[in-house]
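Q: Line by line, the protein sequences give chains F and H.
Numbering-wise, the first sequence is residues 1 to 234 according to our numbering.
Numbering-wise, the second sequence is residues 1001 to 1234 according to our numbering.
FYI, nobody ran anything at the bench for these hints, they're computed from the structure.
Honestly, I wouldn't trust all of these hints.
[Said to hold, decoys possible] The list that follows gives simulated cross-link-like pairs (lysine to any residue, SDA-like), each with its CA atoms no further than 20 Å apart:
hint, chain 1, residue 1, chain 2, residue 2
1, F, 135, H, 1070
2, F, 142, F, 160
3, F, 135, H, 1101
4, H, 1142, H, 1017
5, H, 1142, H, 1071
6, H, 1135, H, 1074
7, H, 1150, H, 1070
8, H, 1135, F, 107
9, H, 1135, F, 134
10, F, 142, F, 127
11, F, 142, H, 1108
12, H, 1135, F, 136
13, F, 135, F, 120
14, H, 1142, F, 139
15, F, 135, H, 1134
16, F, 150, F, 95
17, H, 1142, F, 104
18, H, 1135, H, 1120
19, F, 142, F, 74
20, H, 1150, H, 1016
21, F, 142, H, 1104
22, H, 1135, H, 1076
23, F, 135, H, 1102
24, H, 1135, F, 72
25, F, 135, H, 1142
26, H, 1135, F, 111
27, F, 142, F, 80
[To be verified] Which bits of chain F does chain H cover? Going by a derived footprint, with three or more residues having C-beta under 8 Å, they are:
hint, stretch
28, 19-32
29, 72-85
30, 165-171
31, 196-209
Treat the numbers as computed from the prediction; the structure is a model and nothing was measured.
Virtual Cβ for every residue (Gly too), placed ideally from N, Cα, C.
Protein chains: 2
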Amino acid sequence: MPTTTPHPEQHLTSSAILQDVVIGLSDGLTVPFALAAGLSGAVQSSSLIITAGLAEIVAGSIAMGLGGYLAGRTEIEHYAAERAREQREVQEVPDVERAEVDELLAAMGLSAPTRAAAVRELTANPTLWVDFMMKYELGLEKPDPQQAPKSAFTISLAYAVGGLIPLSAYFVTPTPALGLLWSAGLTLVCLLLFGYFKSRLTGQPPVWGAFKMAGTGALAAAAAFLVARQFSGS
Amino acid sequence: MPTTTPHPEQHLTSSAILQDVVIGLSDGLTVPFALAAGLSGAVQSSSLIITAGLAEIVAGSIAMGLGGYLAGRTEIEHYAAERAREQREVQEVPDVERAEVDELLAAMGLSAPTRAAAVRELTANPTLWVDFMMKYELGLEKPDPQQAPKSAFTISLAYAVGGLIPLSAYFVTPTPALGLLWSAGLTLVCLLLFGYFKSRLTGQPPVWGAFKMAGTGALAAAAAFLVARQFSGS
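Modelling step: build the complete structure from the supplied sequences, incorporating the hints.
A: Written out as structure tokens, the structure reads:
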């Protein structure tokens, strides 16, 4: 039987895309669905619901995508700034930094003699030393510069796709009430399926995951419906 | 002068709340603002914009809050499941796990003799051993069980507060066009201020942060406006 070597970076990349799809889809299926459901109880025209739904999808897609992109850029800048600071500290106050390495190793449970040897080795090479501080003191991994634009695009697209599913029902039904009926049916099925597969991917109980996802969508839609009806009725 | 001892957990908690406020506010200020702006170009009635805006705020607030709560619960379950797995592996395949500890220490840059002593000490106590694997192999910190409900509440509330700011303008203006004017002015000022202080808190350049935040909101609103007008005009 051939043994496969693990390929952690490949795995990281594909699960980062999957994570972005999950982020975009779960919000995209939920919020435009709930907005359209809410308006269904308050207005008489399907075209108005579609206009509001499309405006929301565009707004949410840009806000999430651009927000994700800028957050990714900030993470890269933050990592670079922290790394520069650690590099300076290693040069300027090496004794303080050496004591910090010793403290981290003590927290792991190493004895004083082992720590002494380990501190000597870890601080012998300034690059390794800074690497160690970044990862184990600050808990920061070097972010991939390609990740921010990729994430932005994936989240945006997933949000738009998710949002068009509940809205599509209003395109083909004559009244908002019928639109809501078909939209709710279609979206709840999608939320159940999506929750099921998302939970399977992350190793959680899938049936419970399906109900959590559908329950969140249903609750948001019901609340939006009640608020919109209350307000438009007054 | 009394010296204050550092209190890392306290610091973690307050910055977690702040992080949740930032998440809720940035989406709350952006998406309802852009939706209302979009509808301003497509409908004649301010009350319709308010109805849609309120429905969106309720939907978004529940989706984000409940979503955040459930994600927090999942994180706790995930940590517990991974910990149980590591505990099992430490008992059942101790040699494999010992080799993994050695590998992690080699990646830090430790020599073979130091690693041999460190592996012996780290694997002497099963609890410390599992702690080490959780933190340094899997990069998982024990999540605070109180965090999930707190996060949910904070994100929801911040989203609702953020969303009511752009919407408030439509309550006091006679036409959607005037509502949009005041809403855009008020919201852009809030986004600039919010971006400024958010960037200062995270140590980023604050003026650039202010423009990034306001630019995201303006772009989302402009796109929603164009799409809604395009659709309602056809």
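Q: I'd like to know which numbered hints this structure contradicts. Please list them from smallest to largest.
A: 1, 2, 16, 24 and 30
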